[in-house]
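Given the sequences, and given the hints that come with them, work out the whole structure.
Chain order of the listed sequences is X and Z. So for the first sequence, full-length UniProt numbering puts the first residue at 1; every next one is plus one. So for the second sequence, full-length UniProt numbering puts the first residue at 1; every next one is plus one.
No lab work stands behind these hints, which were simulated from the structure alone. Just so you know, nobody snuck in bad clues.
Lysine to aspartate or glutamate pairs mimicking EDC-like chemistry, simulated, CA-CA at most 20 Å apart: (1) 37(Z) / 17(X); (2) 80(Z) / 19(X); (3) 214(Z) / 176(Z).
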Amino acid sequence: MPRAFTPKVVTANALREGDAVWLTPEDDWSRDIARAELIEDEAVAQDRLLFAQAQADRVVGVYLAEAAPGPDGPEPVHFREAFRTRGPSNRAHGKQARR
Amino acid sequence: MYRYSEFDTAFVRERAAQFRAQVARRLDGSLTEDEFKPLRLMNGLYLQLHAYMLRVAIPYGTLSGAQMRQLAMIARRWDKGYGHFTTRQNVQFNWPRLEDVPDMLGALADVGMHAIQTSGNTIRNVTADHFAGAAADEIADPRPYAELLRQWSTDHPEFQFLPRKFKIAVTGAEADRAVIRAHDIGLQLVERDGARGFRVLIGGGLGRTPMIGKVVRAFLPEADLLPYVEAIVSVYNLLGRRDNKYKARIKITVHETGIDEMRRRIEARFAEIRPEFTGIDREILAGIAAQFAPPDWVARDPAPFHAARAADPVFRAWADTNVAPHRRDDHAIVSVSLKTPGATPGDATAAQMEILADLAAAHAYDELRISHEQNVVLPHVPRAALPKLHAALKAAGLGAANIGLVSDIIACPGMDYCALATARSIPVAQEIATRFEALRLEHEIGPLKIKISGCINACGHHHVGHIGILGLDRAGVENYQITLGGSGAEDAVIGTRSGPGFAYDEIVPAIERLLLAYLALREGPDETFLMAWRRVGLAPFKAALYGPHDTAERADAA
Ligand code: SF4
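Written as structure tokens, this is what we have:
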């Protein structure tokens with residue numbers, strides 16, 4: 001049996017700054033995962049991934065990451081993705097510094 | 001200290017200018033990422049979890065005060081005010097913006113530094129004993145040879161696309177402070193019948209398949225160094241596997257080919273190319289060696305040192321742990337700990353870098369070193385200056401008296417920065433250090449090397465830690481595997497896995513149980529953790545980690 005598709009977001013690093021960004025439903029890139037498009041269908045996911053890969057002038061290293069619906073929008077599932085939404089745990093740098 | 005020749009300067013400036021044009025072409029869309037990535041990696045620029053990271057080589061770990069000050073300037077101007085010193089005697093800046101990197105490379109070139117070959121399948125930064133040129137126990141300063149190797153390997157046309165990266169370490173002493181047995185090539189200066197030469201090891205390495213290097217030549221006349229190293233790399237370049245990234249390092253080539261057959265091939269290649277080395281390398285080496293002449297020693301009465309040591313217990317504790325014997329009795333080698341409990345191992349702020357540069361100018365002939373253990377070393381300090389130096393370090397928050405002790409932990413960046421990581425390492429190091437500080441057991445426990453890696457690549461050298469910790473991802477949760485009894489010194493050995501791993505919140509208590517067990521079973525304070533391990537083996541430590549009854553159950557669950 002093929003494994004059931006779990007919801008995903010499209011993520012990458014910004015070309016200039018190098019930080020984590022997520023693809024929004026408006027075809028834009030956000031630094032806030034909560035504004036990302038949560039994709040529930042595998043075919044759509046592949047389609048959005050191709051779209052994102054074509055944006056090489058803005059982002060680098062595009063991939064699909066597991067995410068789950070949360071009260072404010074998509075939330076990371078894996079701890080690696082959670083760190084990408086915040087920044088390092090030893091210094092208050094990265095995204096956590098902007099909040 | 002080595003100063004760049006006109007050729008060196010022109011070369012690094014040209015590379016920085018080329019990279020400026022490459023970045024511009026990436027940003028205007030004329031280069032794709034696939035085209036740009038190998039170019040940025042050739043210049044030490046990685047893309048990590050939260051940002052780009054620029055890795056700058058510190059050849060054989062040696063820095064002048066001016067170079068350290070420039071690193072501070074770069075950290076402040078283009079990064080977030082700090083740098084991270086690594087186990088490969090490099091410094092990493094964690095937050096550069098892509099378009100600033102050409103300026104950073106230009107600023108490095110201004111002080112004779114670069115980021116070339118700090119990535120890619122090339123010969124990487126040549127590392128050396130951080131006490132080189134100062135140690136009481138060395139035959140000679142190995143850094144002229146390391147610099148010769150740096151010049152030879154930089155942009156070497158034959159070796160830009162090796163099967164995999166290639167690391168060389170050099171030492172001039174029997175006591176191995178450069179972990180030469182865990183390098184692709186390890187070189188140790190030795191003497192035989194009054195002649196100087198090298199003991200040459202190949203095939204050491206950590207990572208997925210850890211191996212201790214094997215002796216390929218017990219005595220290589222010193223004049224044959226370059227052709228012989230070239231022969232080794234050339235044989236590896238042909239023989240090394242390119243079909244499987246995990247089997248591409250020379251350690252696997254040596255393992256699969258056998259050391260005797262490797263030796264036969266290397267010697268054959270050496271005989272072939274030796275005549276091509278007609279002596280220019282010797283002239284260049286002589287020129288380099290002249291630049292590594294020791295400073296003009298200032299003889300000073302060490303009385304202030306003895307007086308302070310007798311009067312001040314804080315100074316005494318620091319002097320007894322952080323100060324090592326120098327080749328001159330009236331001088332000493334000072335290790336400045338970047339491991340104040342709670343701090344990130346290897347991190348130094350711009351302000352600390354500047355203070356260290358000032359102190360090097362005032363007390364240490366303007367020279368600094370970065371150790372693979374992620375500390376800063378002032379290699380030549382008159383003993384008379386030690387009390388003043390210690391006071392200044394203490395005031396700057398750099399006075400931790402913990403070199404070689406439980407809180408002097410090697411930790412790679414792990415998942416706080418590194419894109420390859422499977423778990424975090426830094427917070428584990430921070431918590432172990434603060435826990436043992438609170439227990440006040442550090443000096444009681446004595447010499448101990450804990451080394452932590454955030455993935456199997458083993459940048460934190462966990463296999464050769466007396467206690468090694470490897471962070472893994474087990475079903476979406478951080479999990480930490482312990483290895484025991486490793487050593488990266490002259491008695492190098494790969495540690496033994498203790499058993500199933502521990503969750504993030506279990507790992508620090510596990511290390512605590514392990515060390516309390518050691519204190520209970522050792523024969524006395526003179527029996528170090530490593531000695532005790534070698535005497536009693538795994539069983540008592542396993543019991544301490546998993547409990548006498550719990551072991552089988554946990555092993556099943558793993
Ligand atoms: S050991 Fe792994 S996590 Fe640590 S720095 Fe190396 S590659 Fe990154």
